[in-house]
Amino acid sequence: MNSWINLNALWKIVVVGLLAGAGLPALFAIGLRLLSPPAPAGGSATGRSAAGPVGYALAGLCFAAVLAAIGWGIAVIVNHS
Amino acid sequence: MVRSDGGPAAVGAPDRSSRGPVRRRARFWLVTGNDTILVLVVATALGFDFTNGFHDTGNAMATSIVTGALPPRIAVGLSAVLNLAGAFLSTAVAATIASGLVDTTDVTLTVVFAGLTGSILWNLATWFLGIPSSSSHALIGGVVGATIAAAGSSAVKWQGLVSKVIVPAALSPFIAGAIAALGTYLVYRLTRDVPERPRAHGFRLGQIGSASMVSLAHGTNDAQKTMGIITLALIANGTLHTGAKSPTWVIASCAAAIALGTYIGGWRVIRALGKGLVEIEPPQGMASEAASAAVILTSTDFGYSLSTTHVATGSILGAGVGKKGGVVRWHIARRMVVAWLLTLPAAALVGAVAYWAAHGIGGTPGVVVIFVVLVLASIAFFIASRHPAVTPENVNAAWTGSVVPAPHPTEAGS
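Just so you know, the protein sequences line up as chains D and Y, in that order. All residue numbers for the first sequence refer to numbering that gives the first Met the number 0, where the first residue is 0 and numbers rise by one. All residue numbers for the second sequence refer to numbering that gives the first Met the number 0, where the first residue is 0 and numbers rise by one.
Hints in this document: simulated from the structure, not taken from any laboratory. If you're wondering where the values come from, they're calculated on a predicted model, not measured in any experiment. Any given hint could turn out to be false.
Partial list, computed: chain D residues near chain Y (C-beta under 7 Å) [what the hints assert, rightly or not]:
| id | residue |
| --- | --- |
| 1 | Ala21 |
| 2 | Leu23 |
| 3 | Ser35 |
Don't be surprised by glycine CBs; every beta carbon is placed ideally from N, CA and C.
Excised from the complex, chain D in its bound form (with noise of 0.2 Å):
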């Protein structure tokens, strides 16, 4: 069984996959979130509110992360052997 199918480089893959797959978009999300909080009840017509310096903070720790795993990633390719 285990030559016809290796489940400790499948879960590996899983598991890495979904943090670097699906964790970076959410975290991107959350960096666009605090760039653009949502308005307050009865706040300007156009809908549109400018973060505060935490949320440019934040947003960008976001981002920050977000390209440190795509180095990470660029750095897994350069170095495999």
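We have chain D; now place chain Y onto it with these hints.
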């Protein structure tokens, strides 16, 4: 370039050991014969690399093109540059695709040539129909089929074929699809109260990033397969010793061929993937490409060279499932899956027929005849694809049930 590896010296050097005109002609013929076949094998392999490039452009760029994240020509240009870079980035893998799948002692230049013929013809046929089938499976199928024709089915390592090719191919679309579905659900959930405009803008940017990663991964994976095939041919010919690394000109020409193919852009496949399967919005595009890149890169790290096509198609389907109210055209997905199932046996059959034909005619003339047939068939496919053509201008036209867009009054004649 091939001739500088020692062929012409052997041909041109005065033949001191010959004892007569007949003997000399025989040796002369033998050397030139092999060199001719080698040149044709290298040309065919680069031709396959080229079809691999344009067949698979859509895997990385279809979603970015249909959501308008990138203009079509910019998208294929970016993908081409990243494929080129990817092909140079990691050349350590340059293991032949055949080792582990077939007994390499049975692989001759004619077998490699016939296998490539089978894979190119299958790639062209599926591209013409707008079906994103796996170029890797076409290559493996062609080589396996030609090997069976040459040396019987015992020369195929069936267990390697199942565990390295068939099981990963069966699982990877589901894994990628599940990841993309979860990712899509999460990004829509998390950004549900973000206004439409900044949301679309942000995800378009993210999409460019994730699609670029898929292009890079494609360059590292797929260009290597052709490098491996050419290296295998050079070893089979005795030009390189067993276990040699790919020479620089092999790496450079494979990188150039796949990049050029990518830049030409398989607009039919791009349209089928981006418009036919699912109506894609930027958040879905970003999630699906991220899932594709993640699955391909992690599997590569574990030594599985997955089919980029299967993963990308699975991801796009997952992105359609993960969005509430998303439209997935399952009948088109079914058609693609049928083509996937057919790819290995069909390419194997064409590869076997090509081997029998080349072997039946015999020697260099046999290979030359098949090469001419292959070139003519490629030209025929190209001409057929022009009437009507799918181009960067009409690739995003509304889906009307076929890969060829309905003629538009203002776009006629391209």
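Going through the hints against the structure:
1. Ala21: Holds. Min distance 4 Å.
2. Leu23: 6 Å, holds
3. Ser35: 5 Å, holds
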